[in-house]
Structure formats: C-alpha cells, structure tokens
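Student: Starting from the known structure of chain A, fit chain B onto it as the hints suggest.
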Amino acid sequence: MHQEIPDEATIVQYLHREDAKAKLAFGWVIDLHSKRLYATIRKWTRNHELTNDILQEVLLKIWKNRQQFQGNSALFSWMYRIAYNETIHTLRKEKKHMAADIDLPIVSFQHQSEHFGKITPEEISTWLMEAIETLPEKQRLVFEYKYFEDMKYEAIAQLTGGSVGGLKANYFHAVAKIELFLKFKLNH
Amino acid sequence: MEVHQSNVNKKQEHILDELNVRQTPIPNEDFFAQMKSVVQEKAFKQEVKIVPFYKKWHIMVAAAASIVLIISVALRSGETVPIEHQKPDFASLTKEDVIHYVENNLPEFEAEQLAEHIQNIPVWEVQKEITTSKDLAQTTSKKQDLFKQIDREDVLDYLEEELIDVDEDLLLGS
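One line per chain: the protein sequences are A and B, in this order.
Take 56 as the starting number for the first sequence in the numbering used here and just add one per residue.
Take 155 as the starting number for the second sequence in the numbering used here and just add one per residue.
Isolated chain B, as found in the complex:
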C-alpha cells in the first residue's frame, strides 16, 4: 500500500510528463494577411489627430475670459452701496437754495401738506448734521420762518386759482 502510494506521488510529481500537448490551431496565411490589412487601416486611420473641442487653446482662453467676466459682473451686482454713501450733501445747501427749490417745485407738494402746516410752516435751517432726506423732514433743528413773506391769504388764493380742493378743517387748523 505504501509502495503504491509512493508510486502515485511520484507520478503526480511529474504530471507534465504524463500529458500530451495538443497543437494550437493556427489559421492559414490568408487570415493573417487580411488581419494585417484590417489592423493597419484602423491604426493609420486613427493617426488623424482630432483635438477635442475643450483642448483647443482659443476655446480655453475664451472660457477663461468668460469666467472672469461673469465673476466680475456677479461681484458688482452684489455690491450694495450703504445708505450713508448715498446721502445727499445737504450741508452745502443754503436757505435760499431750499426756498428756490420749493418755489420751483411747489406743485409737487401735496396741497394737504401745505394746508396742514400753513400756520406753522417753519423756516428751518439746514444743519450740517442732516444726512438723509428723512432726517431733513424730521429735523428739530433751529427753525426760521420760511414763508414769513407769504401771507395766509396769498396761499389761499393760490389754492383757489389752482383749483386745489383742500379740506377746510385743515385750513382752519382744527
């Protein structure tokens, strides 16, 4: 039994010697000639270099320029100028400038507003602290009589001429 096992092991140790190698089937010459033509045609056809669209230099430059442009536009549109930078320079205005403006733009003022304040229309002095139009309206700075040369009657006449309908209660200051 041991001899048999030993013989088996020896046989298995040289397994390759116990095998017959079968010849690999090889096609005829025609096949290789045709295969050569096919391969050469494919290989040399691919030699025409096709530069991908995104690799063309002028495309890259244009793309980079576009990106820069878009970023700069986006940054600009996102800019918000603080209100304080938009403040009009009221400090440089004189009283005469204000009166001149009011006279030239009187129609823009609402009749109700004028009527309401006809008794107490202040002449106020623009101070240097005024920074916004809102502040201008609400200022409690030193006031002077802006319309001291205009009579009450003149105002009423004006309103009547302009056919501006005003609440009498306002006129009477109730």
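Just chain A, with the same shape it has in the complex:
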C-alpha cells in the first residue's frame, strides 16, 4: 500500500530518528528529489554515468549527515548544496571543468547571428556554466530552476523556502551577472 508522502517538517522529524521511520523518510526524500538532483548534476557533468555515480554519492551523504540538518534552510536547499559541492569536487578531482567534453550543449543560438561571431554552442554552453559557477548559492539555485527548468517562482519558493519577491530579485541579479560575464567573454 503506497503511503502518502507527508510534509517536509514530518520528513525531517523522521529523518532525525534512528529507526525504521528514518529509513522510510529517506525513501520519501529520494522519491521527491532524485530526478531534480539528477537533472542539476547532469547539466554540469554532461555525462550519464558520472551523474549516476555522483547522485548516489550525494544521496548517501544526505543519509549519513541527516542529523546535521537543523532546519535552518529548506531541506532541498541543503540537498542542492551537497549535490553542487559533490559535483564540483568530483569534476575537479577528475580534472574536468564543468561542461567540458560535453556530448550535448545545454544551450544553442535561436538563430545564426553575426553578433556572436563564430562562437559555437559548445563554447557558449561552457561559458554559461562558468558564469553560473560564479554566482552565490541562492542566485545559482534560482537561476538554474527558473532558466533551465522554467519553474514558477512559487514552486521554487516551496523548494527553497524563500519568498517569491526575494526569488525574483535573486533571479534578476543572477541574469545581470551572467550576461555581463558572457559579454566580457565574447569581446575578449
């Protein structure tokens, strides 16, 4: 019988236990967030096998460190942070820059434009990920889910626990910084 997934507060409460309810809560966490985490990691790695390895490692770390989560932020924000740090660490360890050796560029040009010179989709994708890497965590998270996933601000607010207004501000700041970064890259 499929048990309905409770709210985040209950999930966190269960996770802090040391019995079967903690394991049950961990299963809920995987059901709720593994796809989103996969997509996030995959954007950085551009590789399924590597993404699978990192995702498993991330989930194991979430389980091992669940007692350390004190509820100061939303559960997903904490998980996103673990995923990002683990991905960066893995890519650097394997001496792969984010979005290098891509098999599928994450972005492409809407139409061929002379204004961007001879920049290829692979190059612009690489620069875009480099630009995202420079963002503070909250701006990075909002930008990723708004720009790449086209999620509504309300949905992102449920994930991160922030206000819609705050998220909008974060997003616009992120966009400004990224475009400044890309412009610099295009002209140098």
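No lab work stands behind these hints: they were computed from the structure.
Remember, it's a predicted structure, so these values are computed and weren't measured experimentally.
One should not assume that every hint holds.
Using 25 Å as the maximum straight-line C-alpha spacing, the simulated DSS-like pairs for lysine-lysine come out as follows [as the list claims (entries may be wrong)]:
| # | chain 1 | residue 1 | chain 2 | residue 2 |
| --- | --- | --- | --- | --- |
| 1 | A | Lys119 | B | Lys249 |
| 2 | B | Lys199 | A | Lys119 |
| 3 | A | Lys116 | A | Lys78 |
| 4 | B | Lys196 | A | Lys148 |
| 5 | B | Lys190 | A | Lys119 |
| 6 | A | Lys116 | B | Lys196 |
| 7 | A | Lys78 | B | Lys249 |
| 8 | B | Lys190 | A | Lys90 |
| 9 | B | Lys199 | A | Lys76 |
| 10 | B | Lys199 | A | Lys116 |
| 11 | A | Lys78 | B | Lys190 |
| 12 | A | Lys90 | B | Lys199 |
| 13 | B | Lys196 | A | Lys78 |
| 14 | A | Lys232 | A | Lys173 |
| 15 | A | Lys238 | A | Lys193 |
| 16 | B | Lys190 | A | Lys116 |
| 17 | A | Lys76 | B | Lys196 |
| 18 | B | Lys190 | A | Lys76 |
| 19 | A | Lys148 | A | Lys119 |
| 20 | A | Lys119 | B | Lys196 |
| 21 | B | Lys196 | A | Lys90 |
| 22 | A | Lys201 | A | Lys90 |
Here are some of the chain A residues that sit facing chain B, going by a computed Cβ distance under 7 Å [said to hold, decoys possible]:
| # | residue |
| --- | --- |
| 23 | Lys98 |
| 24 | Gln111 |
| 25 | Leu114 |
| 26 | Ser163 |
| 27 | Glu234 |
Only some residues are given here: those of chain A computed to face chain B with a beta carbon under 7 Å [what the hints assert, rightly or not]:
| # | residue |
| --- | --- |
| 28 | Trp118 |
| 29 | Ile161 |
| 30 | Phe203 |
| 31 | Gly217 |
Using N, Cα and C, we set each Cβ at its ideal position, and we do this for glycine too.
Tutor: Structure of chain B alone, referenced to chain A:
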C-alpha cells in the same frame, strides 16, 4: 557604424534571450527505481556500526596501562645507585669479625698474597672512614699485628700441607 555597434552591444546585453535551452536528458522511471534500491541498500548496510579497534574502551585502557608499565620499567632500569650507597658498613665490623672472616675464607686468598706479606701482615683496625672495599685494602690507618699469634713456621706448614706452590723468593722477602 556606430548604430551597428550599438545594436551589437544591445544584442550582447541580452545574450540569454538569444539562446535556446536544451532539455536535460532524464532517464526513465526504471532507472530511478533501481537507483533508489541500490542507494538504500548501501546506506542501511553502512548503519552497522563498526567501532574501530583503537576506539574500543578496553583497548585504550590496556594501552594506557602498558605505557605506564613500560615507562616505569624504563625509569627503574635506568636508575644507577651511586657507589656511595652501596658501600658496606665497615664501621660496624670489629677486629674479631675480620679475623674470623679471614680464617673462614683463607682458601680464597691467593697464596702469593699471603706469602708476600707474611713478614708484615698487618693487623689493621677498621676505621669509621673506610667506605669501600678498595679503601679498606689501601687504608693507611692505624695497624695492629693481625697474625701476631701465628708463627711464620705455622704458615709455611700450612702452605706445604695445602700443596700450595709458592715462590721462595717471596717467602724470603726478597
């Protein structure tokens, strides 16, 4: 030219609007179901707490006790009792004690030593200043005739009986 440059700059200012986002490939449900099983198995298997050997309390106690024991043994073995603490208490010895000892242990004395000093075997008095056996041998303290009751002839007879071969020159005191 300036208009063109301005248009270029404007385009570049909104680069993100000029880009198409490609959907990130996501595996099917089977992949996530299998991945969930694998992760749960790994996570819950690691729940069996393995206490490292060195963290077990009785190991720590035994190690601490061993260290204390080793240190105490090392300190003891390194102790050297000064010679002055090992000095025999010659001050408490009487002349009779010395004579009695010499008589009982006469065979331990070398014949040459006895022969050499047969003429001048001193009877010396143990003084309180004597602190080591070496000092005892070399003392120049007041001497008395230890063997005044023993004749020279008695000594020679003894040596002959014991078949102790002694250099005649020594006997003659040359």
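Student: Now tell me if each hint is right for this structure.
Tutor: Evaluation of the provided hints:
1. Lys119/A <-> Lys249/B: violated, 88 Å
2. Lys199/B <-> Lys119/A: holds, 12 Å
3. Lys116/A <-> Lys78/A: holds, 14 Å
4. Lys196/B <-> Lys148/A: holds, 23 Å
5. Lys190/B <-> Lys119/A: With a Cα-Cα distance of about 15 Å, the restraint between Lys190/B and Lys119/A holds, given a limit of 25 Å.
6. Lys116/A <-> Lys196/B: Given that 25 Å is the threshold and the Cα spacing comes to 11 Å, the pair holds.
7. Lys78/A <-> Lys249/B: Roughly 95 Å separates the two Cα atoms, so the pair is violated.
8. Lys190/B <-> Lys90/A: holds, 11 Å
9. Lys199/B <-> Lys76/A: At roughly 16 Å apart (the allowed maximum being 25 Å), Lys76/A and Lys199/B satisfy the hint.
10. Lys199/B <-> Lys116/A: Given pair Lys199/B, Lys116/A holds - Cα atoms ~14 Å apart, limit 25 Å.
11. Lys78/A <-> Lys190/B: Holds, at about 12 Å.
12. Lys90/A <-> Lys199/B: Satisfied, since the Cα-Cα distance of roughly 24 Å is no more than 25 Å.
13. Lys196/B <-> Lys78/A: holds, 12 Å
14. Lys232/A <-> Lys173/A: holds, 23 Å
15. Lys238/A <-> Lys193/A: The given pair, whose Cα atoms are some 23 Å apart, holds under the 25 Å limit.
16. Lys190/B <-> Lys116/A: Roughly 14 Å separates the two Cα atoms, so the pair holds.
17. Lys76/A <-> Lys196/B: Holds, at roughly 17 Å.
18. Lys190/B <-> Lys76/A: holds, 17 Å
19. Lys148/A <-> Lys119/A: holds, 22 Å
20. Lys119/A <-> Lys196/B: Roughly 11 Å separates the two Cα atoms, so the pair holds.
21. Lys196/B <-> Lys90/A: This hinted pair holds, its Cα atoms lying about 19 Å apart.
22. Lys201/A <-> Lys90/A: At roughly 16 Å apart (the allowed maximum being 25 Å), Lys90/A and Lys201/A satisfy the hint.
23. Lys98: holds, 6 Å
24. Gln111: Hint on Gln111/A: holds, closest Cβ of chain B at ~5 Å, below 7 Å.
25. Leu114: holds, 5 Å
26. Ser163: holds, 5 Å
27. Glu234: This interface hint holds because 5 Å falls under the 7 Å limit.
28. Trp118: holds, 4 Å
29. Ile161: Check passed: Cβ of Ile161/A comes within 6 Å of chain B, closer than 7 Å.
30. Phe203: The hint holds - Phe203/A has a Cβ within 7 Å of chain B, the shortest such distance being about 6 Å.
31. Gly217: Check failed: Cβ of Gly217/A comes no nearer than 22 Å to chain B, outside 7 Å.
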